[in-house]
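Undergrad: Each chain is listed here by its residues.
There are 2 protein chains.
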Amino acid sequence: MSYLAVGVSPGNVPVYNSTNLKVNDRRLRVAELVLRCLICGLGVVAAALVGTDTQVKEIFTVQKKAKFTDMKALVFLVVANGIVSAYSLVQVVRCVVSMVRGNVLFSKPIAWIIFSGDQVMAYVCVAAVGAATQSAVLAKLGQPELQWMKICNMYDKFCNQVGEGIASALLVSLSTVLLSCVSAFNLFRLYGGNKNKTTVASRW
Amino acid sequence: MSYLAVGVSPGNVPVYNSTNLKVNDRRLRVAELVLRCLICGLGVVAAALVGTDTQVKEIFTVQKKAKFTDMKALVFLVVANGIVSAYSLVQVVRCVVSMVRGNVLFSKPIAWIIFSGDQVMAYVCVAAVGAATQSAVLAKLGQPELQWMKICNMYDKFCNQVGEGIASALLVSLSTVLLSCVSAFNLFRLYGGNKNKTTVASRW
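Same order as they appear, the protein sequences are chains A and B. Going by my numbering, the letters in the first sequence line up with residues -13 to 190, in that order. Going by my numbering, the letters in the second sequence line up with residues -13 to 190, in that order.
Isolated chain A (complex conformation) (with noise of 0.2 Å):
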């Protein structure tokens, strides 16, 4: 028991206060489960945009075929949806098993594992939308300096797509960037002990 208890039993704590602390408890784990589904929903939905993209081009009776895997930023952008997508769904389970049981995460271990996890993929979501918009703008624009030809006026349809696949992804990216502050709010709201030094160290 941590001695910020000393002194602190259920009877001489204001209601009124627990009371807040509940209700702002609940709220942020509904934000969290949204923002699970959000992640889980549009993940899937950036790589089948993205996986399923293919055109064909006919030029001078030779066809040419455009797909992801031309990119290696759009294979990243694939497989890191893919992978977000399916650790949300397990995370969704997770908090839909904790909120009917009504459990409160007090588990500094499980805490630290859910905190982990966010945030590699928050990290892992970042890389893969600045890698894949790299390579979807030298796609459109070119880099004429290096003989990078752009390739979106031949297959327009085929960037249209991962356009949109981008734009979903972005949608994760920063879904799964909220989502890192809600677990680290979690977290490290365990190691509130820290509060009684205002009574011996000065403030800020």
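Hints were generated in silico from the structure; no laboratory data involved. There may be inaccurate statements among the hints.
Identical copies carry no separate label here, and so any pair may be met within one copy or between two of them.
EDC-like mimics (lysine to aspartate or glutamate), calculated; alpha carbons at most 16 Å apart, straight line [claimed, not checked]: (1) K53 <-> E131; (2) K58 <-> E131; (3) K136 <-> D11; (4) K136 <-> D56; (5) K8 <-> E44; (6) K43 <-> E131.
Chain A is already provided as a structure; the job is to place chain B on it using the hints.
TA: Then chain B, alone, in the frame of chain A:
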């Protein structure tokens, strides 16, 4: 004043716990300072390595020059590392001043500002490294399906220096990720009031 402090005065806080917390706090602040100095130094190195990188090649009496502005991802990398270095320098000054004065961060608005800044820097750095790595892979290996030829066999010195810059930027990214965890800890432990709910809510 939080209801957490009800019944808790410096007099009934065990001394060993308070000392332990102080030691841990000092270690954390030293780690934060070291990380910020590392980010500042390595960020400057990364920006300088990529930003000053040029190579001139003569091909059939025609002089061709490779420079970092030929790739948008490298420009993004230089700008991102420049910004994160300047930001870290400001934060290093803040850390040193607060350590000299012996202040402890207990102000939520300031903790929120630092947390937000660190989060933005971490994600910008990771996105920049993702995009630059994608460009580097293209330059090294090319993308024959799209008729994008590799250029590193021609501009070998240029590519090596960019590689060193990206390696340095990767270290900056990892440090900003660690630092964003530290500032999340510094912020969210201030919201540790829910701990008392162990007495009324079930544990995981």
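Undergrad: Name the hints, by number, that the structure is in violation of.
TA: 3 and 5
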